[in-house]
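Student: Make a model of the complete structure from these sequences and hints.
Chains as they are written, first to last, in our numbering: chain P, 94 to 732; chain H, 7 to 115.
The set of hints was computed from the structure by calculation and includes no laboratory data. There is no bait here: all hints are sound.
Calculated cross-link-like contacts (lysine to aspartate or glutamate; reagent style DMTMM-like; alpha-carbon spacing at most 20 Å):
no., chain 1, residue 1, chain 2, residue 2
1, H, K108, P, D578
2, P, K381, P, E496
3, P, K704, H, D109
4, H, K33, P, D670
5, P, K447, P, D419
6, H, K108, P, D526
7, P, K455, P, E349
8, P, K718, P, D558
9, P, K507, P, E385
10, P, K718, P, E557
11, H, K33, H, D88
12, H, K56, P, D537
13, H, K99, P, D537
14, P, K507, P, E496
15, P, K455, P, E478
16, P, K331, P, D261
17, P, K358, P, E385
18, P, K609, P, E721
19, P, K331, P, E300
20, P, K609, P, E173
21, P, K499, P, E355
22, H, K84, P, D670
23, P, K609, P, E221
24, P, K522, P, E388
25, P, K516, P, E364
26, P, K690, P, E715
27, P, K358, P, E496
28, P, K358, P, E511
29, H, K108, P, D537
30, P, K331, P, E156
31, P, K522, H, D109
32, H, K33, P, D537
33, P, K467, P, D290
34, H, K31, P, D670
35, H, K56, P, D526
36, P, K455, P, D435
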Amino acid sequence: MARSKKNSFDRRGFLKGAAAGAAALVGTTPIAAQQAVPTRVAGAALAAETGAPAAKAGVMVLERPGSDFMLDVIKSLGIEYCCANPGSSFRALHESIINYGGNKNPEMITCCHEESSVAMAHGFAKIEGKPIMVLAHGTVGLQHASMAIYNAYCDRVPVYVVLGNILDATFRRAQVEWNHSVQDAASMVRDYTKWDDTPVSLAHFAESAVRAYKIAMTPPLEPVVLVADATLQEEPIKESNLRIPKLTLASPPQGESGAVAEAAKLLVAAENPLIIAGRAARTPNGLKLLVELAETLQAPVEDQRMRMNFPTRHPLYGAGSVRTADVILGLEASDYWTLVHDQTSFNRTGIEEKSLIRPGTKLISVTAQDLNHKSNYQDFGRFEEVDVAIAADAEATLPALIEACKRLITPDRKRALEQRGAKLAEAHKRVRDQARQQATIGWDSSPISVPRMTMEVWAQIKNEDWSLVSNVSNMMGHWPTKLWDFDKHYQYIGVQGANGIGYGAPAAVGAALANKKYGRLSVNFQCDGDLNYAPSVLWTAAHHRIPMLTLMHNNRGYHQELMQVQTMANRANRGVDRAHIGTTIDDPNIDYAFMAKAYGIHGEGPITDPKDLGPAIARAIEVVKRGEPALIDVVTQPR
Amino acid sequence: MRTFYLLAALILSVIAAQAQGDAAKGKNLFVTKGCYQCHGYDGHGGAGAKLAPRPIAVASLIAYARRPAGAMPIYTAKVMSDAELTDIWAYLKSIPDPPAVKDIPLLNQ
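Tutor: Right under this line is the structure:
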């Protein structure tokens, strides 16, 4: 699988260091003056032969298309990759990227589905903390991409979506270009993007492109959409005095000092405080700050596992409970109400509910979600009656909160907190021991137990610089976070946001793409139901030589939904015997090793005997260390 | 009187056998009735609670299936008889204790 070095174009100087500052770039040497464009001329000759109207010779070759300037703007933002499957509505921008831009920063990543493009960008941002670009048709491409955009929106992840469209009807040619054009392209996803615009000039494009990036990167981080009109892309640059605005990212919003002081007072005085971390750690520093806060207060941390928030073997990890807490601090907590309430397991009008917390428990919320709500698509849950609500970015607020707490802790209070910490350390150890004890059950079973698969992998990666690039919450029974030693921010990418399936595989490939330049060993536990939405992303991984170890969590079904059907069947008192209809993925079983090979990836399996798993992982890791993806099909228990 | 005692002993042994259940049948029911979906093929738990080894008493198991809490689907006598639940209990009871944590090197790293 040796790969030839990519073509390197250096036809003209690019903006240097433009991400850090402003740059003007117009009127430089026209690209077309430096090269012939034979294919366009040949096409015109053919058109003439077939009787189609021939364009005037003067418009057959462009001096410099508008898409070159668009690319200059995009380059100024420091965007590393552009995920796309090709589309005619952005063909000029595509051409500018690969030729004018030398296919570098951004580099085109060939995807086979727009949902994969967006989910790859989603996974990339989880590791790198900044967006990459997605190109798609404004109509059919965006329709494919929309679910993945919704996932990113609910997961507070920046994705930079650029849509091709032909707004000027007189610029459209045949039927396809009418089908692929729309009056207001971004309207379809406006309910779950933070901002969009449809520029009508190149100067307008430059401003909106920089504005879009800034908005996407200001907490709460969210996807944005920019429409790159095909007329602007394909027509020569006519505007004079074009310039690229300076990008200065907005500082994230920090909690108001009075509210922070009130929160600190409650937390320091609490006998049983609890910290709930949702999407709290945006960056590696967020993880460090959360550790500092927990240690300052000697408070346990409940991790919603949406980000890599807290080291899993820290003595304060997972040792608390909302039932015993007297003060609860939610940091970018998702669906706060559900965290402190229980309700009946089935729907009916007037669902019964009960509070899980003790009377008088104080609730504190710090979340940037309070700064950005939408009405139609609702991702916020029931309204929670908190006592202190701080509308701010949690990570940005932590330094002030930590300092406020430290100021209030007297020597006597510090001794009491240390005693509490010792008890919590014991509780943490008990939780870990229980997990290991539970992992022993079915250790040698076939289908292979999830904890067995988890620990077979751990044995071979624990001394590597590894990164878990998949969601291992409900579908994996949380086993890796129960058993592995996570302590770095890039070691876990968390959940998908809106629970939209089909996210897992492309997000893993996107995260692995981000890990590639650091030489990290990316590990992906891949649910079978998820992979079957868009398995072609395996080819993308192979084509772009993205190293990643994938283990199929192949339980041959949509088990979450199977359980839902079981619940309904028994509620209707008809029994579960037919619940497998429409919910299982067998008869025939899918051969994922064969699938991997078809896409150009090392594939092994199906593996049903746990004793065969270790050697297969060792072989696959050898492949990954050569810089390529590898997949092992593991037939597993449901959870 | 001797006949009465023999008959009583026979009835009691049948009841006892029923109370013991049939582990082989129970293993099959554990799959066909969907128990493994949440509890794992070995009853180790997952989306649902850990059931094995050393399951709760059969009467408690039956009572819970008839009126479950949380996300567990209800199993009425119409969809699963007491005898079937007893067979499942027998299967769960037949599952041996797993190896100790200390004897599994992969769990000590």
